[in-house]
Every structure is written in C-alpha cells, then in structure tokens.
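**Student:** Below, each chain spelled out in residue letters.
Protein chains: 2
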Amino acid sequence: DVMDIKADDPVAFTFFTGYMAMFAASVFFFFERQQVDGKWKTSLLVSGLITMIAAVHYYYMRDYYAATGMNPTVLRYIDWTLTVPLMCVEFYLLLRPAGAKQSFMWKLIFASVVMLVAGYIGEAFTDGTMFHSVLWGVISTVGYVYILYSAWAGEAAQLAKASGNEAVQKGIKALAWFVLVGWAIYPIGYMAMPGGWLGQDGLGLLQPSSLDLIYNIGDAINKIGFGLVVYGIAMSETKRAK
Amino acid sequence: DVMDIKADDPVAFTFFTGYMAMFAASVFFFFERQQVDGKWKTSLLVSGLITMIAAVHYYYMRDYYAATGMNPTVLRYIDWTLTVPLMCVEFYLLLRPAGAKQSFMWKLIFASVVMLVAGYIGEAFTDGTMFHSVLWGVISTVGYVYILYSAWAGEAAQLAKASGNEAVQKGIKALAWFVLVGWAIYPIGYMAMPGGWLGQDGLGLLQPSSLDLIYNIGDAINKIGFGLVVYGIAMSETKRAK
Ligand SMILES: CC1=C(/C=C/C(C)=C/C=C/C(C)=C/C=O)C(C)(C)CCC1
Ligand SMILES: CC1=C(/C=C/C(C)=C/C=C/C(C)=C/C=O)C(C)(C)CCC1
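Quick mapping for you: the protein sequence lines, in order, are chains A and B.
Mind the numbering: the first sequence is residues 24 to 265 in the working numbering, read in order.
Mind the numbering: the second sequence is residues 24 to 265 in the working numbering, read in order.
No lab work stands behind these hints: they were computed from the structure.
One or more of the hints may lead you astray.
Intra- or inter-copy, both count: the list cannot distinguish identical chains.
Computed list of lysine to any residue pairs in SDA-like fashion (alpha-carbon distance at most 25 Å, straight line) [as the list claims (entries may be wrong)]: (1) Lys-130 <-> Phe-36; (2) Lys-184 <-> Leu-221; (3) Lys-184 <-> Ala-89; (4) Lys-29 <-> Val-79; (5) Lys-130 <-> Thr-40; (6) Lys-262 <-> Phe-133; (7) Lys-184 <-> Ile-162; (8) Lys-265 <-> Gln-223; (9) Lys-64 <-> Ala-89; (10) Lys-265 <-> Thr-149; (11) Lys-262 <-> Met-43; (12) Lys-62 <-> Ile-76; (13) Lys-29 <-> Pro-210; (14) Lys-64 <-> Leu-116.
Here the structure is a predicted model, which means the values were calculated and not measured.
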C-alpha cells in the first residue's frame with residue numbers, strides 16, 4: 024500500500040511532481056501576498072486558490088492513475104471547471120482599475136464553460152471515432168478562440184490599451200501570451216486520444232497515454248507560471264510605489 | 024478504494040466541485056477579511072464559516088454518495104442546521120448598525136428551525152406518499168415565508184429603510200433577493216422526492232436523483248454567492264471610507 028511509481032512511467036512521475044508543485048506554489052502565493060500592495064492582494068490570493076484547488080485534484084488524480092492506469096478524465100474536468108473560470112477572474116481583477124465591468128468577466132467565463140463542456144463531451148463520451156473527437160474539439164475551440172481574441176485584440180486588449188497604465192498593460196500582455204502559447208498545449212493533448220488527429224487513428228504521433236503527460240505540463244505552466252508572472256508585476260509595482 | 028466518478032453522473036460531479044468550491048471560498052473569505060474595515064470583518068468571517076462548514080459536509084456527502092448512490096439526507100440537514108442559522112446571523116450583523124436587537128435574530132433563527140425540522144421529517148421519514156411530502160413541505164414553507172416576509176417587507180426591510188445607510192440597504196436588498204430566488208431552489212429539489220409534486224408521482228418532471236443536484240446548485244449560489252455579495256459591499260465601503 025506504499026506509493027510505488029514505476030521508473031519508466033513519466034505520467035505517474037508528473038502526477039506526483041505536479042501535486043507537490045501545486046501545493047508548494049499555493050503556500051508561496053499565500054505567504055508572499057503579505058508583501059504586495061493592497062490592490063494586488065486579491066490577484067495573488069486567486070493565484071494561490073487556483074494552485075490549491077489543483078493540488079487537491081492532483082492528489083486524487085495521482086492515486087486514480089496509480090491504481091487504474093487510466094486517464095482521470097472526470098477529475099481533470101472537475102479541476103478545470105473551477106480553475107479556468109478563476110483564470111478569467113484574474114483577467115477581470117487586472118482590468119478592474121482600467122474600468123472593466125463584471126459583464127466582461129461573465130463573457131469570458133461563459134466562453135470558458137463552452138470550451139470545457141464541449142471538451143468534456145469530446146473526451147468522456149467518446150465512441151473512439153474521429154468524427155466525435157473532431158466535432159466536439161471544434162466546438163470547444165470556438166470558446167477558446169473567443170478568449171484568445173479578447174486577450175489580443177478584443178475587449179481585454181482595448182481596456183488595457185485605454186488604461187494608459189503600464190503595469191496593467193504588462194499583466195494583460197503576459198496573460199495573452201499564456202492563453203496563446205500555454206493554453207494551446209491542451210488541444211495537443213486532446214488530439215492524442217482515440218480518434219484524435221495526432222493519435223493512433225490519425226498521424227500516429229502520440230499515444231493515448233501521452234494525453235495526461237501533456238495536460239500535466241500544460242497545468243504546471245499555466246497555473247504556476249501565470250501566477251508567478253502576476254507576482255513579479257505585483258512586486259515591482261509595490262517597490263515602485265514606495 | 025480510489026475516487027472514481029462516472030462520466031455521466033452529474034450529481035457526483037457537483038458533489039466534488041461543490042466540495043472544492045466551498046473549500047476555496049473559505050480560504051478566500053478568511054484571507055480577504057484582512058482587507059476590509061473593522062465593522063465588516065465579522066460578516067466576512069461568518070461567510071467563511073458557512074462555506075467551511077459546508078466544505079466538511081460536502082466531503083462526507085461526496086463519499087457517501089460515491090459509495091451508496093443514495094441521497095445523503097441526514098448529512099445534508101446536519102449541514103443546514105448549522106449554516107442556515109448562520110445566514111440569519113448575517114442578517115443580524117448587517118442590521119446591527121441600524122439598531123437590530125438580538126430578538127430580531129432569534130425570531131429568524133426560530134423560523135429557520137421550523138423550516139428545517141419540517142423539511143427533515145418530510146424527507147427522512149417519508150413513506151413515499153404525496154400526503155406526507157406535501158404536509159411537511161407546507162409546514163416548512165411557513166418558516167421560509169416568515170424569513171422572506173421579514174426580508175422584503177417586515178422587520179429586516181423596515182430596519183434597513185429607517186437606517187438611511189446606503190451600504191446596509193444594499194446588503195439587505197441583496198440578501199432579500201437571495202432568499203427569494205436562491206432559497207426557492209430548495210423546495211424545487213424537495214418536490215423531486217418520491218411523493219413530490221414534480222417527481223414521478225406528480226408531474227413527472229424530475230427524477231429522485233435530481234434532488235441532490237438541485238440542492239448542490241442551491242448551496243453554491245446561496246453560500247458562496249451571498250458571501251461574495253457581502254464581500255463586494257464591504258470592499259467598496261472600505262475604499263469609500265479612505
Ligand atoms: C481548445 C480545446 C481544449 C482547451 C482546453 C484548455 C484551453 C484548457 C485550459 C485549462 C487551464 C488554463 C487550466 C488552468 O488552470 C480542450 C478542452 C482540451 C478540448 C479540445 C479543444
Ligand atoms: C421551503 C422548503 C424547504 C426550504 C429549504 C431552504 C430554504 C433551505 C436553505 C438552505 C440554505 C440557505 C443553506 C445555505 O447555507 C425544504 C427544507 C427543502 C423543504 C420544503 C419546503
């Protein structure tokens with residue numbers, strides 16, 4: 024009954040490191056929150072909540088994978104159901120000083136729900152055909168593209184530009200890069216599944232077992248990396264204000 | 024013995040997301056409490072206690088449901104026995120600056136106890152007949168309507184009006200909307216049970232398994248949503264005072 028990870032199982036390896044990294048990142052964000060100016064405290068708290076929520080789900084996913092060797096799809100989407108909307112909240116918090124309305128946040132959250140519900144149907148209810156995988160992947164991508172557009176050219180980008188506030192612009196630019204590069208990791212993992220374009224029935228580049236490996240890498244980058252970027256901006260703005 | 028959630032089981036999905044959401048909300052309220060003015064700190068603490076209590080009960084309800092597939096009715100009412108009176112305390116805390124007496128709080132708590140005891144008899148001791156379900160549902164609704172009346176036209180509404188304090192009025196108006204719309208979700212769930220008006224023996228609109236789904240949605244809205252509204256008012260009042 025002791026934790027036993029096979030030496031040649033990178034998926035199990037990343038589930039375990041992912042769990043600990045998320046846990047440690049939460050402690051980091053919660054403590055460092057004391058050091059930043061008041062207006063940044065809520066952002067750092069939300070960063071810490073995202074990694075804290077992920078730590079708990081990684082704990083369960085790690086065990087599920089160790090016991091069954093299967094993708095913990097349901098747990099994965101339970102995690103995203105909470106953490107992706109919280110990333111939309113981070114957008115909103117950064118842009119509130121620039122005059123963002125709550126409706127801006129709800130539009131992003133709505134797009135993220137479309138993205139996740141379609142992705143869930145695509146993965147959890149797959150019949151193994153490429154038709155199913157592609158259909159739901161495309162619908163999911165519509166939600167993704169909305170967020171991407173908002174960050175680079177739409178409402179978020181315009182609010183940041185109009186604000187004339189350098190810290191806000193840096194923050195939104197960073198988030199936009201995360202959405203473009205970091206979030207794009209997930210559809211690659213998705214395409215590893217049976218029926219996926221990059222999997223065995225498609226180009227044959229990825230094994231189904233790569234799916235979780237890719238998602239774990241994506242989560243580390245997006246959840247911890249993005250929090251660290253916000254933290255960096257918050258710290259330098261705090262020093263400058265002194 | 025590993026956490027295994029069926030892909031097509033929304034009840035289990037919401038028990039798990041509910042658990043994590045309550046947990047995260049508590050951490051949020053406890054931390055952000057540092058940022059608000061003294062007079063709001065107790066309200067934020069009580070909001071955090073409500074979600075913290077719920078997180079623990081969701082942890083047990085989730086496991087109970089995963090193991091048995093049945094409604095965790097007793098655990099549910101154990102949760103409400105603590106959290107609903109605490110929501111009455113929130114009413115009182117908001118109205119104390121407007122001169123609310125402790126007797127005001129005890130009247131609300133008494134009404135909530137009537138509501139919950141009758142609801143418990145209705146659910147836990149059901150013989151499956153509509154007579155039982157409707158009888159205890161109606162008695163429970165008497166307690167509910169008292170709280171609703173107090174919030175919209177009775178003591179709570181009058182105290183808020185007389186206070187001339189905008190923040191208090193906004194807070195009570197928000198609570199009144201939660202009691203009218205958010206709390207009304209619960210009787211809908213109740214009517215899904217055997218013998219209920221909306222269930223198989225009535226209009227046939229809801230399955231017995233919908234009961235917990237509906238209660239979980241109601242809890243997320245009322246416990247977290249209401250806490251966030253109080254938090255929003257507290258933050259804007261704190262900023263205004265500076
Ligand atoms: C576009 C697309 C997807 C996108 C998923 C994304 C973008 C997930 C982001 C998760 C994050 C950012 C978590 C961090 O906390 C899916 C659902 C795989 C399905 C295939 C198409
Ligand atoms: C009217 C009515 C009910 C009302 C329940 C309510 C209103 C519960 C509120 C719970 C809250 C607000 C929890 C939050 O912490 C019951 C008992 C289902 C029985 C049927 C009639």
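**Student:** Tell me, which hint numbers fail for this structure?
**Tutor:** Checked against the structure, the hints that fail are numbers 2, 3, 6, 7, 8, 9, 10, 11, while the rest are satisfied.
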